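Following the hints, put chain B in place on chain A, whose structure we already have.
Line by line, the protein sequences are chains A and B. Residue 49 in my numbering sits at position 49 of the first sequence; the count goes up by one each step and never skips. Residue 276 in my numbering sits at position 276 of the second sequence; the count goes up by one each step and never skips.
Calculated from the structure, these hints are not laboratory results. Mixed in with the good hints, there may be bad ones.
Below 30 Å or equal to it, Euclidean Cα-Cα: the simulated DSS-like pairs (lysine-lysine) are [stated by the list, open to error]: (1) Lys197/A / Lys182/A; (2) Lys105/B / Lys93/A; (3) Lys16/A / Lys294/B; (4) Lys94/A / Lys116/A; (5) Lys294/B / Lys93/A; (6) Lys46/A / Lys194/B; (7) Lys294/B / Lys46/A; (8) Lys116/A / Lys130/A; (9) Lys95/B / Lys194/B; (10) Lys294/B / Lys94/A; (11) Lys94/A / Lys105/B.
Counterexamples of contact, computed for chain B against chain A with all Cβ distances above 10 Å [what the hints assert, rightly or not]: (12) Phe29; (13) Glu49; (14) Arg80; (15) Glu96; (16) Pro119; (17) Ala146; (18) Ala155; (19) Ala170; (20) Glu202; (21) Ile206; (22) Lys208; (23) Met209; (24) Thr213; (25) Phe231; (26) Phe265; (27) Arg293.
Examples of chain A residues toward chain B, derived with CB under 8 Å [stated by the list, open to error]: (28) Gly20; (29) Thr49; (30) Arg78; (31) Arg79; (32) Val83; (33) Ala106; (34) Val107; (35) Tyr120.
Values in this document were obtained by computation on a predicted structure and should not be read as measured data. Yeah, the Cβ is synthetic: ideal placement off N, Cα and C, and Gly gets one too.
Each chain, written out:
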Amino acid sequence: MIRLLDIQKTYDNGTKALKGVTLNIEDGEFVFLVGPSGSGKSTIIKLITGEEHPNAGRIMVNGYNLNSIHPRQIPYMRRTLGVIFQDFRLIDKKTVGENLEFAMRAVGASTREIRKRIPYVLDLVDLSQKEDRYPSQLSGGEQQRVAIARALVNNPDMIIADEPTGNLDPQRSLEIMTLLEKINELGTTMLVVTHAKELVNRFTKRVIAIENGRIFSDETGGYYKHEEI
Amino acid sequence: MKRYNFGYYFGEGFRSIFTHGLMSFVAVFMIVACLLIMGSFSLVALNLERELGNLERDNEFLAFVDESYTREQAMELQSRIEMVNNVSGVSFTTKEQAQEDYAAKYASDQNAALYSELPAEVFRDRYSVHMEDLSLIQETIDAVEAIEGIDGHQAAPEVAEGFVLVRNVATAVAMILIVLLLLISLFIIYNTIKLGTFTRREEIAIMKMCGATNGFVRGPFVFEGMILGLFGAVVAFFCQWGVYALIAQAIETGETFQLITVIPFGEIWPKVLGVFAGTGLVVGTGGSVMAIRKFLQV
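Bound conformation, chain A alone:
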């Protein structure tokens, strides 16, 4: 569950990224966050993951109050989130299995837990046969599925996908978005930041549109209809 209340964020260089953003995302929701470059989408993600702090306003993420959170608690807050990036950010010198193991080790999982969880998650993203491959031996779509598996492997409450289809062709993009929808149906809250208009229009989900640091459209059950963005 995410609560942003009247958030304002100005960077040190004077850029006003957010000018009073308020939004709520409930558990189990699938939400698209759309908007042009520089509209404030990335800032929202950074605020949710605790990389940045707001100048004003209140933020709650999965029960953690980020306005008063102790720095030592931030890792534990992040364990409730899984993050997917446009450029996959896989470790090239580790195999698919080792990439997932790496993410589980990071939260202190035991070898037993790792051995049990990784096959399940790889099966979910349909990569069971590629556990021993290196990222360079996989296609872009497969690499992004590894990244999704990595985001899922610690069983987070919510997945944040930052332009997950930005580097993929339309067919692979659709596959990835369908996979994210499937994961959402299994109970994980999904926040997808994207530019892909056609893709958003193919899914009947809640779409939050942001421009110039302000939310100007938030339509539950609607689709991405603001062609001017």
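Below, chain B alone, put in the same frame as chain A:
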């Protein structure tokens, strides 16, 4: 620390050493070089300290007994002199013995006959007083002279002061060198680990994004530093052993340094190994903790 984390830290730290093989080699080489230089200076200082200690122990002053005291009265003073602070040993010499010693000392002199004919009455009963700390010679003389029955002394405080000066200079030079070399080692290991963290900054960012605590991220790097530091210390220890043995052999067999006695390495190796291992660990761990700090702010 969880048991399985320990294995992970060790494995990752060990793997990283080979991943950054050249830098690891440079770090170990520099640690060995620094420890070797530091160790050599320390061992020279230690030997010098021991040698000076021996000379200090040989250094004594004479406290003369009042001539009006009978032999029995004179001998009773020994226990009182022994109670004086800084006195490590006292030996009584009768005036007859002193006369014999004097004659023996100048036996080869051209006027030997003259010296040997001196009557014992010219001499006085005396105590040879040895001290623990040569720098307190004047205070000790004053305290011994304050004892009733002691009448005068013979000492060479300038020799004692010379010893103290040499020892203090040697200790100061060794300390400065040790601190300097420690800082150099720390700087080198810091840069080695920093390079490692820089090439792995993406991994660190991913770990942080997955919810890794700073301690967990730091773990493998700290272990890497510890392994490098310890390995460097062990290599340096064996090198030091070899160098020390060679120098000791040269001193023992050479004619120039016949008066110098070198402490056998067998007597000091546990200390050397302990200090090297401790220094290696501190430098390795400290360097890595400093190097990783910047990359944890994600």
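Taking the hints in turn, this is what the structure says about them:
no., hint, in the structure
1, Lys197/A / Lys182/A, "20 Å, holds"
2, Lys105/B / Lys93/A, "82 Å, violated"
3, Lys16/A / Lys294/B, "27 Å, holds"
4, Lys94/A / Lys116/A, "19 Å, holds"
5, Lys294/B / Lys93/A, "24 Å, holds"
6, Lys46/A / Lys194/B, "26 Å, holds"
7, Lys294/B / Lys46/A, "19 Å, holds"
8, Lys116/A / Lys130/A, "17 Å, holds"
9, Lys95/B / Lys194/B, "74 Å, violated"
10, Lys294/B / Lys94/A, "25 Å, holds"
11, Lys94/A / Lys105/B, "84 Å, violated"
12, Phe29, "26 Å, holds"
13, Glu49, "48 Å, holds"
14, Arg80, "67 Å, holds"
15, Glu96, "83 Å, holds"
16, Pro119, "90 Å, holds"
17, Ala146, "66 Å, holds"
18, Ala155, "66 Å, holds"
19, Ala170, "48 Å, holds"
20, Glu202, "7 Å, violated"
21, Ile206, "6 Å, violated"
22, Lys208, "7 Å, violated"
23, Met209, "5 Å, violated"
24, Thr213, "5 Å, violated"
25, Phe231, "23 Å, holds"
26, Phe265, "44 Å, holds"
27, Arg293, "14 Å, holds"
28, Gly20, "27 Å, violated"
29, Thr49, "7 Å, holds"
30, Arg78, "4 Å, holds"
31, Arg79, "4 Å, holds"
32, Val83, "5 Å, holds"
33, Ala106, "4 Å, holds"
34, Val107, "5 Å, holds"
35, Tyr120, "18 Å, violated"
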